[in-house]
Structure formats: C-alpha cells, structure tokens
Amino acid sequence: MSANEVQDDYYHDLSYRKDTPPIRTREGVGLYCESTGEGIAVTTLNNFFFTAPFWRDYTEQLAKHFRVVSYDLCNHGHSTRLAQEPTWEEHAADLVGLLDALEIDSTYLLASSASTQLARDVALAYPDRVRGLVLAGPVLGPQGMRRHRMLQRAWLRTLNNHGIPELFSHMYPEFVSTQMNEDYGSAGFLGLRESFLAMSTPEELNNGLTLAQQGDSSPELLTRIQAPTLIALGDDDILLSPTAGHELAALFPNGRCAIMPKAGHVPFLDDVEGFQELVRKFIDEVEAHV
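Quick note: the sequence shown uses the numbering used here, first residue 1, plus one each step.
Hints listed in this document are in silico derivations from the structure and should not be mistaken for laboratory results. Do not take every clue at face value.
Computed cross-link-like contacts, SDA-like style, restricted to lysine to any residue with a CA-CA straight-line distance of at most 25 angstroms [what the hints assert, rightly or not]: (1) Lys262 to Thr201; (2) Lys18 to Glu103; (3) Lys64 to Thr80.
Pairwise CB distance ranges, derived in the manner of DEER restraints [to be verified]: (4) Glu27 to Asp284: 35 to 41 angstroms; (5) His289 to Gln61: 20 to 26 angstroms; (6) Asp105 to Arg81: 39 to 45 angstroms; (7) Leu190 to Asp100: 40 to 46 angstroms; (8) Arg81 to Gly274: 24 to 30 angstroms.
Predicted model only: the values in this text are computed from it and were never measured. Quick reminder that beta carbons are idealized off the backbone N, C-alpha and C, glycines included.
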C-alpha cells in the first residue's frame, strides 16, 4: 500500500447528510442525527473528538444487523449551540429525548474514551432505556479516574497553549497503538490528523475536555449498573492494562472484558471488522438471554 493510499484510508468522509432536520430533545436544543439499519438500536456516543459522520466507517457492519444511531452532542458538530456548555446531566437528558423522538424504547450504548462516562451516567439515571453498554477504551478505572483526568488536563493545556494541530501531535502516540504507528507511519498520521482537524473547533474541544474533568469518579457507581456491559480494551491502551480492564469489568454486576490484541486506546481504529464482530456477538448473547 502506498503512502497516499494509507493517508486516504485514514481520511474519512465527514460530510453531513443534506435535508436532515435536527431532532428536538429539550427546550432550545436540536441534535443532528443519522439512523441506519433496522432492528435493535445501537446508539453511539461521541467523546468530544468525534462527530456523527465519523462513525459510519466503524459501524457499517453493525448496521447490517441492527439499527445504528449516531448523533452530534449539543454544542458540537451540527447540533444546537448554547451559550452555556451542557452538563453531563443535560447530555444524558438529550440522549433520552433523542430516543423518545425516534421512538426507541431502549438501546445499546456504544461509547469511547470520555463518552464512557456519559454511558455510565445514562445507565444509572435511565436504566430502563439501556439494553447494554459497550465501553471501548473507557476512562473509568477500577481504582478511580485520577490518571485519566491528569492525561486529559495535559491535553487541555496543549490545546490552549498551542492549538489543535499540536494537540493532535501530543495525543497521537498516546491513543494510537504501537502497531498502528509503525505500520502506517507518517501517511497514517497525516490522514488521521486531517479528519481530526475537520471534526472540532478549539472551543468545542476546550469545553469537552473541561467537562471531562467533572462528575463523580467513584468506581462504586459501576456496581449499581444492571445493564450487561462489555469492556472492549486494546492491550496497548495507555490508560488501562488488561489486568485493570478485567478488574473494571468485575465491578459491573453483569460485566465482561474483551482484550483486543495490539490495539490502542480507541481499539476500533486498529481492527474495524474485529471490533464490530465483537459487539455483534455481545449483543446476540445478551438478547438470547432476555
């Protein structure tokens, strides 16, 4: 594969679908949303770095089996912009409002990195709306979230002092696996950077990383979640080791941990098809016991 082919492979079509009216979730808030496929719903949660169109390449196979819903958070992407940044509670209420508007009684939540905290909060506040959780590269930790938040604060300082391109250079070797870094080299770095720069503004990232510092970090909260939970963890994740991943899964009453070989903090970047198959099997197993 040539350098240009590698770079193109990492550059995603992030265009928004035309004639897609926002879905109202609460007073003054409308969310951009895409829904693909039919059947049991799987709803993706953005981690402040992604937008709804980004998920297309990572849920294409899932959409052949389930209804995949992706949306932009309030104050991000093509959703409503408010003067006051939403709280975690408001983001959770927006999700429930979105499900109501789409007539979805309950859904699986597919979250990555910072959005795994939102998935946790939704499962706690609205347990009847959550069929299950898939937490990819979670920021939740079996001993707490101190390490995760220290890393996020470092990213925030880089963003505010040097801008988004330097933030990406800071983050890249931390969230991308060693294998991916070696295999795709500079071309992969540049291709993914173009996608990264296209998805967010400095203000959006500042607000998101600031919000990520807030909220209860107690591992005890996880013991209250009744929804079946899958921790999808790369064995090259900078935040959680495989041992910690299994310890984290054990906190959930119905949790399990799947280790993805040679994958990093965002494991579906490393193995797109393998990740989707992992999610599909998890959902099929859960549904078989409903």
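Right, here's what the structure says about each hint:
Between Lys262 and Thr201, the direct Cα distance comes to roughly 31 angstroms. Violation of the 25 angstroms bound is thereby established for this hinted pair. Our distance criterion of 25 angstroms between C-alpha atoms is met by Lys18 and Glu103, whose separation comes to about 22 angstroms. At most 25 angstroms may separate the alpha-carbon atoms for a hinted pair to count; Lys64 and Thr80 exceed this at roughly 30 angstroms. Remark: the range hint 35 to 41 angstroms for Glu27 to Asp284 is upheld by a beta-carbon distance near 39 angstroms.
In this structure the hint that His289 and Gln61 lie 20 to 26 angstroms apart at CB holds, the actual value being about 23 angstroms. Taken as a hint, the range 39 to 45 angstroms is violated for the pair Asp105 and Arg81, whose Cβ atoms sit roughly 30 angstroms apart. Restraint check, Leu190 to Asp100: a C-beta distance of roughly 42 angstroms satisfies the suggested window 40 to 46 angstroms. The beta-carbon spacing between Arg81 and Gly274, approximately 37 angstroms, falls outside the hinted interval of 24 to 30 angstroms.
This entry does not satisfy hints 1, 3, 6, 8, going by the numbered hints stated previously.
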